[in-house]
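**Q** Okay, here's what each chain looks like letter by letter:
Protein chains: 2
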Amino acid sequence: MDLSDKMNSKRKGICEIITIGDELLIGQVVNTNASWMGEQLSLNGQHLQRITSVGDTKPDILDALREAVSRAEFVFITGGLGPTADDITKPVLCEFFGSQLVFNQEAFDQVKALFQRRGMEVSERNKTQAMLPSNCHPIKNENGTAPGMWFEHNNTTIISMPGVPFEMKAMFQNQVIPKVLSMVEHKTILHKTIMTNGIGESFLADNIKDWEQALPGNFKLAYLPQPGMVRLRLSGSGDHADELQHIMNKLVNSLIPLISEYVFGFDNASMEEVVGDLLKKSHKTVGTAESCTGGYLAHLFTSISGSSAYFKGSVIAYANEIKTNELNVNSSDIEQFGAVSKEVVEAMALGLKQKFDVDFALATSGIAGPDGGTTEKPVGTVWIALATPKGIISQKFQFGEHRGRNISRSALAALNMLRLTLRKF
Amino acid sequence: MDLSDKMNSKRKGICEIITIGDELLIGQVVNTNASWMGEQLSLNGQHLQRITSVGDTKPDILDALREAVSRAEFVFITGGLGPTADDITKPVLCEFFGSQLVFNQEAFDQVKALFQRRGMEVSERNKTQAMLPSNCHPIKNENGTAPGMWFEHNNTTIISMPGVPFEMKAMFQNQVIPKVLSMVEHKTILHKTIMTNGIGESFLADNIKDWEQALPGNFKLAYLPQPGMVRLRLSGSGDHADELQHIMNKLVNSLIPLISEYVFGFDNASMEEVVGDLLKKSHKTVGTAESCTGGYLAHLFTSISGSSAYFKGSVIAYANEIKTNELNVNSSDIEQFGAVSKEVVEAMALGLKQKFDVDFALATSGIAGPDGGTTEKPVGTVWIALATPKGIISQKFQFGEHRGRNISRSALAALNMLRLTLRKF
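Protein chains in written order, with my numbering: chain A, 1 to 425; chain B, 1 to 425.
Derived from the structure by calculation, the hints contain no laboratory data.
Ideal Cβ positions, reconstructed from N, Cα and C, are used throughout, including at glycine.
Watch out, some of these pointers could steer you wrong.
From chain A, some residues computed to sit far from chain B (all C-beta separations above 10 Å) [stated by the list, open to error]:
#1 60
#2 152
#3 182
Now the in silico label distances, taken between C-beta atoms and shown as ranges [stated by the list, open to error]:
#4 A/202 <-> B/404: 28 to 34 Å
#5 B/375 <-> A/91: 41 to 47 Å
#6 A/206 <-> B/10: 51 to 57 Å
#7 A/239 <-> B/165: 38 to 44 Å
Derived DSSO-like pairs: lysine-lysine, alpha-carbon spacing no greater than 30 Å straight-line [unchecked claim]:
#8 A/355 <-> B/342
#9 A/169 <-> B/140
#10 B/342 <-> B/424
#11 B/90 <-> B/140
#12 A/209 <-> A/250
#13 A/58 <-> B/12
#14 B/127 <-> B/112
#15 A/12 <-> B/58
#16 A/355 <-> A/192
#17 A/140 <-> B/424
#18 A/377 <-> B/127
Just need the whole structure built from these sequences, with the hints factored in.
**A** Rendered as structure tokens:
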């Protein structure tokens with residue numbers, strides 16, 4: 001872009017990211033920060049044109065910075081802001097801007113307040129975190145001791161943030177993005193995300209092929225698969241917000257009937273949130289009896305704040321003796337049908353429901369792998385049962401070979417079974 | 001580096017990576033290819049100095065290529081080699097080198113052989129995949145239809161590979177790395193990662209300040225914090241592998257005593273793996289009685305393959321009635337001391353130990369937040385107890401304000417309590 005473009009009062013939103021840290025170059029840490037920021041920028045209609053990763057090495061950081069500043073209107077930097085010796089971003093920024101590190105009272109007060117909330121003393125080393133380049137505006141770090149830094153330099157904005165993901169994310173979302181958006185040309189972008197479970201990406205695409213081909217030119221559909229679910233993100237851009245919203249609603253309303261049995265929620269609502277809301281609204285309680293999910297299903301329920309209103313508890317019955325002693329499963333059933341069977345998983349659900357006096361009890365039993373599979377019951381074979389006030393249902397699933405994904409897909413399938421049942425209560 | 005350096009017959013191993021694809025910039029795909037290649041290069045003693053990600057846009061790819069070639073001896077490119085219209089790497093490479101796409105019989109024979117193995121016909125679209133820049137040597141793709149390309153250009157080697165991870169990985173490991181190593185100076189690089197828990201980055205740095213300052217010039221320490229733990233990575237480089245390993249061992253041996261109470265493992269071992277190994281070796285069993293961790297602790301245990309050898313099960317006692325009915329906690333204790341108290345958490349652990357007949361029982365009770373805190377017991381207050389064959393221990397922790405992190409830090413602290421105890425058994 002020409003300098004004359006950059007001199008306009010409203011910018012176009014040309015962005016670059018520089019991530020700093022040897023750990024990114026030697027593969028010890030995957031660069032999830034960059035992809036997360038890229039997604040946020042894209043969702044907000046900004047154009048990320050490059051991501052550069054360099055090590056904790058002064059000349060490399062300086063080179064990357066000079067190049068990015070010559071091309072972009074906004075340069076987002078993460079990493080190298082910790083209180084330790086290998087974190088050199090701040091002195092390098094000073095060298096780049098020709099400024100000096102000075103004590104910043106505002107930043108220090110924020111660090112002190114964070115320590116006070118945690119009932120801890122501020123150390124000398126933390127005091128150095130309030131030493132900031134003299135030409136920066138500090139950005140508050142709600143979750144850590146390293147403040148962010150905002151620089152304006154020859155019509156480019158340079159924003160330096162910590163590399164710790166949850167610190168960076170809160171700062172980026174709450175403070176950086178709103179300010180960036182106020183500086184760029186206005187354009188309305190709308191997104192609607194439809195959460196689906198129980199159908200693969202290519203089958204989903206087949207189901208909605210005609211609908212997708214008829215999308216207006218200013219709308220775009222993205223398939224975002226992750227273990228056990230596919231998110232469909234519909235994005236539209238235009239000049240008139242109301243009109244855009246109207247078309248978005250129409251498009252979503254015509255999409256849902258095509259895939260209604262797979263849609264469990266919208267806009268990144270998790271399955272556990274959706275199910276939790278349904279339980280709360282119906283004033284029902286739930287508990288779990290878990291073998292192959294090993295506590296992960298209970299964890300999903302209890303990861304939701306306020307879940308104590310409906311989640312009472314679980315028995316994790318990893319050993320068969322726990323299944324018989326605690327859940328009243330017949331040991332003869334385990335011998336005859338195996339622990340991974342309709343008979344045993346239904347008995348687990350019924351046992352838990354009675355023992356914990358809950359309205360709904362979910363039970364899981366399967367072969368998570370990588371060992372323990374047989375020809376008849378290969379790794380990935382999972383039985384899930386749901387005991388309800390009206391009886392019991394159960395279903396067999398065949399997932400894949402990867403232990404972690406088998407556990408998470410089993411838990412999701414169990415939640416979905418409860419969701420489909422709750423819709424009828 | 002000077003051109004004279006690059007003219008030497010043996011190179012130093014200065015590498016850069018360029019990953020191509022819009023999906024990387026809008027956050028749809030996390031750049032695991034780059035971190036995997038970075039790890040492989042590092043393990044093989046090569047120096048990766050930069051990773052650049054650009055979109056499927058000709059000028060951006062050309063810029064990135066020109067810059068990388070001016071700095072590096074080896075440039076590894078992934079992505080943009082598929083048969084679809086948005087994959088433009090090959091024509092861009094032709095433009096860069098001033099060469100043309102020509103039909104390459106060797107590459108076509110390989111594609112044909114792959115299709116024959118899969119019992120499929122070669123399509124016209126696949127034939128275009130054998131059109132390669134005239135100045136390249138094709139690199140065989142064992143797992144797909146897009147061949148890799150090897151270019152020599154002004155003493156820099158440019159290697160273009162497909163973006164599909166398992167295609168790229170096989171090509172990189174089996175064909176690219178061996179050839180690269182034959183072209184570079186030999187140099188040994190060693191890494192050792194020390195895993196710590198229960199101490200923040202800045203306090204850790206204070207504890208090992210003198211040790212760190214006395215590190216030899218060819219050794220470097222990096223602090224890699226993540227929720228509940230800090231990894232310390234010590235890296236050294238030198239000409240003699242044996243000598244380097246000797247110094248590395250000495251440095252690690254002098255470091256450990258300074259922070260022994262916090263070190264739980266080495267080289268990216270997870271806490272649950274370390275604890276699982278200790279349980280397996282000592283032939284002991286474990287179970288959990290969880291309130292605030294809500295099943296997450298059980299999940300960490302059972303995420304390890306083979307955990308059924310030592311993990312028997314859990315009671316997730318989210319509701320107080322489960323604590324009294326299932327774990328034999330006195331309801332008067334809950335009334336008098338509150339559910340988050342030494343008395344209750346110890347009773348939970350003892351109740352579970354007896355009920356499940358395990359050697360060790362861990363119990364957690366805390367205020368995960370964001371609601372439920374009081375002045376006396378703010379959000380983040382967590383009691384953890386461990387019942388052992390020799391009695392019971394318990395400890396109070398004060399974590400932060402974030403629910404998810406309070407849960408994971410509680411589970412880590414519980415595992416660590418068990419680890420420290422198991423070392424004495």
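**Q** Now, for every hint given, state plainly whether the structure supports it.
**A** Results of checking the hints against the structure:
1. A cut-off of 10 Å between C-beta atoms contradicts the statement that residue 60 of chain A is not in contact with chain B; the least separation is 6 Å.
2. The beta carbon of residue 152 of chain A is kept farther than 10 Å from every beta carbon of chain B, the shortest such distance being approximately 24 Å.
3. For residue 182 of chain A, the shortest C-beta to C-beta distance to chain B comes to about 22 Å, beyond the 10 Å cut-off, and the non-interface label holds.
4. The supplied range of 28 to 34 Å is met by residue 202 of chain A and residue 404 of chain B, whose beta-carbon atoms lie about 33 Å from each other.
5. For residue 375 of chain B and residue 91 of chain A, the hinted distance range of 41 to 47 Å is satisfied, since their beta carbons lie about 42 Å from each other.
6. Checked against the hint of 51 to 57 Å, the pair residue 206 of chain A and residue 10 of chain B passes, with Cβ atoms roughly 54 Å apart.
7. Between residue 239 of chain A and residue 165 of chain B the beta carbons are some 40 Å apart, a value that agrees with the proposed interval 38 to 44 Å.
8. The suggested pairing of residue 355 of chain A with residue 342 of chain B holds, with an alpha-carbon distance near 27 Å, which does not exceed 30 Å.
9. For the given pair, residue 169 of chain A sits about 41 Å from residue 140 of chain B by alpha-carbon distance, which is inconsistent with the 30 Å threshold.
10. Annotation: proposed proximity of residue 342 of chain B to residue 424 of chain B holds, straight-line Cα distance about 23 Å (limit 30 Å).
11. Distance restraint check for residue 90 of chain B and residue 140 of chain B: the Cα-Cα separation of roughly 16 Å lies within the 30 Å cut-off, and the hinted pair is therefore satisfied.
12. Using a Cα cut-off of 30 Å, the hinted pair residue 209 of chain A and residue 250 of chain A holds, with the two alpha carbons roughly 17 Å apart.
13. A hinted pair counts as satisfied when its Cα atoms are at most 30 Å apart, and residue 58 of chain A with residue 12 of chain B qualifies at roughly 20 Å.
14. At most 30 Å may separate the alpha-carbon atoms for a hinted pair to count; residue 127 of chain B and residue 112 of chain B meet this at roughly 9 Å.
15. For the suggested pair residue 12 of chain A and residue 58 of chain B, the alpha carbons sit about 20 Å apart, so the restraint of at most 30 Å is met.
16. Straight-line distance between C-alpha atoms of residue 355 of chain A and residue 192 of chain A comes to about 42 Å, which puts the hinted pair past the 30 Å bound.
17. The hinted pair formed by residue 140 of chain A and residue 424 of chain B fails the criterion: a straight-line CA distance of about 45 Å is larger than 30 Å.
18. As the CA atoms of residue 377 of chain A and residue 127 of chain B are separated by approximately 42 Å, the hinted pair breaks the 30 Å bound.
In summary, the structure is inconsistent with hints 1, 9, 16, 17 and 18 from the numbered list given earlier, while agreeing with the others.
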